[in-house]
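**Student:** Got chain A sorted already, so can you dock chain B onto it with the hints?
Protein chains: 2
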Amino acid sequence: MTRLNDDSLVVIGGDAAGMSAASKVRRVQPDRKIIVFEKTSYTSYSACGIPYFISGTITDCDALVRRSPEEFRNKYNIDVHTQHLVTKVDTANKRIKVHDTENNREFWQEYGQLLIATGAKAYCPDVKGNSAENVFGISTLRSGIRVEKYIRENKPGKAVIIGGGYIGLEMAEALLMRGLKVSIVTRGSQVMDTLDPDMGIKISDAIKSLGINLYLNEEFKHFELDNDKVNAVVTTNNTIDADIVILGMGSAPNTTFLADSGIALGVKGAIKVNGQMQTNIPDVWAAGDCTETLNLVSKQQFYIALGTVANKTGLVAGTNLAGEKITFPGVVGTAVCKLCKYEVARTGLQEKELKKLNIEYVATTIDSTTRADYFPGNKKITVKLLAEKNSGRLLGGQIVGEEDAAKRIDVLAVAITHNLTLQNLIDMDLSYAPPFSPVWDPVQTCARKLIKYI
Amino acid sequence: MTRLNDDSLVVIGGDAAGMSAASKVRRVQPDRKIIVFEKTSYTSYSACGIPYFISGTITDCDALVRRSPEEFRNKYNIDVHTQHLVTKVDTANKRIKVHDTENNREFWQEYGQLLIATGAKAYCPDVKGNSAENVFGISTLRSGIRVEKYIRENKPGKAVIIGGGYIGLEMAEALLMRGLKVSIVTRGSQVMDTLDPDMGIKISDAIKSLGINLYLNEEFKHFELDNDKVNAVVTTNNTIDADIVILGMGSAPNTTFLADSGIALGVKGAIKVNGQMQTNIPDVWAAGDCTETLNLVSKQQFYIALGTVANKTGLVAGTNLAGEKITFPGVVGTAVCKLCKYEVARTGLQEKELKKLNIEYVATTIDSTTRADYFPGNKKITVKLLAEKNSGRLLGGQIVGEEDAAKRIDVLAVAITHNLTLQNLIDMDLSYAPPFSPVWDPVQTCARKLIKYI
Chain A
554 MTRLNDDSLV VIGGDAAGMS AASKVRRVQP DRKIIVFEKT SYTSYSACGI PYFISGTITD
614 CDALVRRSPE EFRNKYNIDV HTQHLVTKVD TANKRIKVHD TENNREFWQE YGQLLIATGA
674 KAYCPDVKGN SAENVFGIST LRSGIRVEKY IRENKPGKAV IIGGGYIGLE MAEALLMRGL
734 KVSIVTRGSQ VMDTLDPDMG IKISDAIKSL GINLYLNEEF KHFELDNDKV NAVVTTNNTI
794 DADIVILGMG SAPNTTFLAD SGIALGVKGA IKVNGQMQTN IPDVWAAGDC TETLNLVSKQ
854 QFYIALGTVA NKTGLVAGTN LAGEKITFPG VVGTAVCKLC KYEVARTGLQ EKELKKLNIE
914 YVATTIDSTT RADYFPGNKK ITVKLLAEKN SGRLLGGQIV GEEDAAKRID VLAVAITHNL
974 TLQNLIDMDL SYAPPFSPVW DPVQTCARKL IKYI
Chain B
554 MTRLNDDSLV VIGGDAAGMS AASKVRRVQP DRKIIVFEKT SYTSYSACGI PYFISGTITD
614 CDALVRRSPE EFRNKYNIDV HTQHLVTKVD TANKRIKVHD TENNREFWQE YGQLLIATGA
674 KAYCPDVKGN SAENVFGIST LRSGIRVEKY IRENKPGKAV IIGGGYIGLE MAEALLMRGL
734 KVSIVTRGSQ VMDTLDPDMG IKISDAIKSL GINLYLNEEF KHFELDNDKV NAVVTTNNTI
794 DADIVILGMG SAPNTTFLAD SGIALGVKGA IKVNGQMQTN IPDVWAAGDC TETLNLVSKQ
854 QFYIALGTVA NKTGLVAGTN LAGEKITFPG VVGTAVCKLC KYEVARTGLQ EKELKKLNIE
914 YVATTIDSTT RADYFPGNKK ITVKLLAEKN SGRLLGGQIV GEEDAAKRID VLAVAITHNL
974 TLQNLIDMDL SYAPPFSPVW DPVQTCARKL IKYI
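Protein chains in written order, with our numbering: chain A, 554 to 1007; chain B, 554 to 1007.
Chain A on its own, in the form it takes in the complex (with noise of 0.2 Å):
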């Protein structure tokens, strides 16, 4: 066991947060002892770029690694392990257990400052065979590079997608393209239940019309196992022949090893932190994928995985890790995807939120043309917004086009998150010009129906 200065940073996790943080800190503290503990051989890489490289669309996936240990090391002079894994944290000592999963030995680790960065992983029911050598989860680069190479080595014919949301939408575009026959099973009414339902449906239609069978409104319950592999995933309804299985039920935080700890989790389990990533526990602080989350428009703590919030959270982190005093004030839940030629983006609460913290609101959908009607080329959108009854306030928006859903739903993010009404939108002085737009841009069409309901 090293000693080391009270002055230790300790980061648990290289990937968007740890990594932005500990590089943030080295920028500020050229000197401070940082080290880093990733348990894959990856560091700072884009996990949301996975399914392209699953895909085919990138042929490399160092193309995906932003910084590679050996730069950190070098380059920046931060001591990374990687293929290091902690299963502890003692808050009472200060140090955390690191197990060195290459050499196979454990090891106590102190710290002056610790940062819990440890991401999440794809949830799935404690179900036989969740562990089968053909399921995967996708959450680390390593977990990617076996998905690839499983369908490279092993050319399973049909794949059964569990869960409809964003990753099991790019997962099935991605093994499509891959010459996979695909199912999707979803227990929600609709695809994508980020969406409201109305919205929803534009995908579930559009991931029919590839050819995907999709199997809506049921539960998975369990695997069939042949030889400790999956050969068929069994829903309410339906047992589905399956040479692959890929979880798409959405994430859980890494936070398992946290248990007696003391450091405090909320919801799902995540880690409950302040405006600036600290825990409960002096000097242990949180970022990530691991962490809770303000929803703006709730003001509730929730969970959400994603790649821009780890980057800000670890950057918050990493700023107050290095003295200088800075708050994450929270999201708005903004999100995209692309699936095949839709865009589909998010942002704000949808109904079923709004109705489960009673908020009176408005909601309406308008269709448009991505550009001026007249001019070539031009593509469908759909925009729907919801708005406070009364005082107009944005509350959520959401759109699904054919090209410039992820830009425009910027507009509504950076709307909502500083409480603009209906009327602030139809107002706002936005860009136009034919190839580019309608004269009234379609999510201020939407705000012009909308607010005759107020």
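Wrong hints could be hidden among the right ones.
Same chains, same label: a pair holds when it works inside one copy or across any pair of copies.
Said to hold, decoys possible - Think about it this way: if two alpha-carbon atoms lie no more than 25 Å apart in a straight line, the pair counts; the simulated DSS-like pairs of lysine-lysine are: (1) Lys821 x Lys681; (2) Lys577 x Lys942; (3) Lys878 x Lys1005; (4) Lys650 x Lys674; (5) Lys681 x Lys942; (6) Lys628 x Lys1002; (7) Lys933 x Lys894; (8) Lys932 x Lys894; (9) Lys942 x Lys878; (10) Lys681 x Lys711; (11) Lys681 x Lys932; (12) Lys825 x Lys681; (13) Lys782 x Lys932; (14) Lys1002 x Lys577; (15) Lys894 x Lys761; (16) Lys734 x Lys761; (17) Lys1005 x Lys628; (18) Lys1002 x Lys878; (19) Lys852 x Lys905.
To be clear, the hints were calculated from the coordinates, so they are not data collected in a lab.
**Tutor:** The following block gives chain B in isolation, referenced to the frame of chain A:
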């Protein structure tokens, strides 16, 4: 002369602002008498689409017309008179003098309320030849049709465009597509002087790479004429052969007919209006390209001729004319333009304006990519941000990129309108997926760089 009850609304100008207002009044007041006088044969068309009609991108100019005079008459019961030019406003007697150009007769028309929405024309200095048959401004659909017809019938070989702003650039692209040899003359150090020169140079370079002759830092002096046609454009240093001339030196409001009306004019002769679009004279309102506009960043009135502003102020004028009080807050100067593969976008104030206002500012520029840097098809994008010294409040943004500049400027437009800071922008929950953006959107990357300088 027709006597009307005092309830009548008379509108001068049948394009975006005038017809937005008239349509809004009709929706709220189904029985009100509404009369519109329009000097051309067209109503409610997309003036911004004209370059794309001239280029041949849009083959039928009717596609640019949203609603025809017949439609307004028959479906909306709006009494539209085309080819009627209003030559005088007599506010003392609440009447206007109208010239029916088709039948060459003049008459007086009384009004209960008057809305002036006469738009703008291409500015040209008072030099001989400025109304020659081969010299064109692009301000009305009629003028666009004339240009297209002139090219088709006269097959000019050499075009000279005077001015390097939006219209100049869009027309340069259009004329190139029609096979003309194109020259642009501008007195600025770069084209697109609504950008700072360090961003404008990118567009100057792009223009040159298209084979356009670009004359920078050259003032237009006068025309050389041959048989009443211009055959050369004379600048400070050059005489440039021209078979056709396009005026792109900016817009001038159509307000000369208001001399002696008592209606107050402001910047560049544009009509002064309040937030409800009322002029200084009771019962006289104005909207669109003939009016001044409040710049929300400089807090000063300025002149901007844009379809978005015309539509918005027309709607605000109409809403107030119909008795529902509403205020137009102003604009931040958002504008966007396509030049071949480039999207050019700007909002807020530029360096020269900030200097004039004695606002202490910081500015920086970053180069980034429009998608994750590993994602196929990603394009270059350059973002410039300007922010107030100390406070970090965003003051302006300029983006030049090969995709998605237009929608990214909108994020900055919302931020600037609502006085957000660089830190607000960094914190912002913008959308991210590898096909659409790097994990830090380029506007955030620029903010992260600039915040170090405040």
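**Student:** Each hint: holds or not?
**Tutor:** Checked hints:
1. Taking CA atoms no more than 25 Å apart as the test, Lys821 paired with Lys681 passes inside one copy only; the shortest distance there is 22 Å, against 77 Å between copies.
2. Taking the shortest Cα distances, Lys577 and Lys942 sit within 25 Å of each other only across copies (23 Å), while inside one copy they are farther apart (43 Å).
3. For a Cα distance limit of 25 Å, the shortest separation of Lys878 from Lys1005 across copies, 15 Å, qualifies, whereas the shortest one inside one copy, 44 Å, does not.
4. When the C-alpha separation of Lys650 and Lys674 is checked against a cutoff of 25 Å, the pair qualifies only within one copy, where the shortest distance is 21 Å, while the shortest distance between copies is 76 Å.
5. Neither within a single protomer nor between protomers do Lys681 and Lys942 lie at most 25 Å apart by alpha-carbon distance, with minima of 48 Å and 61 Å respectively.
6. Only between protomers do Lys628 and Lys1002 lie at most 25 Å apart by alpha-carbon distance; the minimum there is 21 Å, versus 55 Å within a single protomer.
7. Taking the closest pair of Cα atoms, Lys933 and Lys894 come within 25 Å of each other both inside a single copy (11 Å) and across two copies (22 Å).
8. In this assembly of identical chains, the alpha carbons of Lys932 and Lys894 lie at most 25 Å apart whether taken from the same copy (10 Å) or from different copies (19 Å).
9. Taking the closest pair of Cα atoms, Lys942 and Lys878 come within 25 Å of each other only across two copies (20 Å); inside a single copy the shortest separation is 38 Å, beyond that limit.
10. Taking CA atoms no more than 25 Å apart as the test, Lys681 paired with Lys711 passes inside one copy only; the shortest distance there is 20 Å, against 77 Å between copies.
11. With identical chains, the CA atoms of Lys681 and Lys932 are never at most 25 Å apart, being 46 Å at best within one copy and 46 Å at best between copies.
12. Taking CA atoms no more than 25 Å apart as the test, Lys825 paired with Lys681 passes in neither setting, with 31 Å inside one copy and 76 Å between copies.
13. When the C-alpha separation of Lys782 and Lys932 is checked against a cutoff of 25 Å, the pair qualifies neither within a copy, at 44 Å, nor between copies, at 43 Å.
14. In this assembly of identical chains, Lys1002 and Lys577 lie within 25 Å of each other by CA distance solely across copies; the values are 13 Å between and 46 Å within a copy.
15. For the identical chains of this complex, Lys894 and Lys761 are intra-copy neighbours only, at 13 Å inside a copy versus 35 Å across copies, given an alpha-carbon limit of 25 Å.
16. Only within a single protomer do Lys734 and Lys761 lie at most 25 Å apart by alpha-carbon distance; the minimum there is 12 Å, versus 51 Å between protomers.
17. Within a single copy, Lys1005 and Lys628 get their C-alpha atoms only as close as 58 Å, which misses the 25 Å cut-off; across copies the closest is 22 Å, which meets it.
18. Within a single copy, Lys1002 and Lys878 get their C-alpha atoms only as close as 43 Å, which misses the 25 Å cut-off; across copies the closest is 18 Å, which meets it.
19. For a Cα distance limit of 25 Å, the shortest separation of Lys852 from Lys905 inside one copy, 16 Å, qualifies, whereas the shortest one across copies, 42 Å, does not.
Hint compliance for this structure: hints 5, 11, 12 and 13 are broken, all remaining hints hold.
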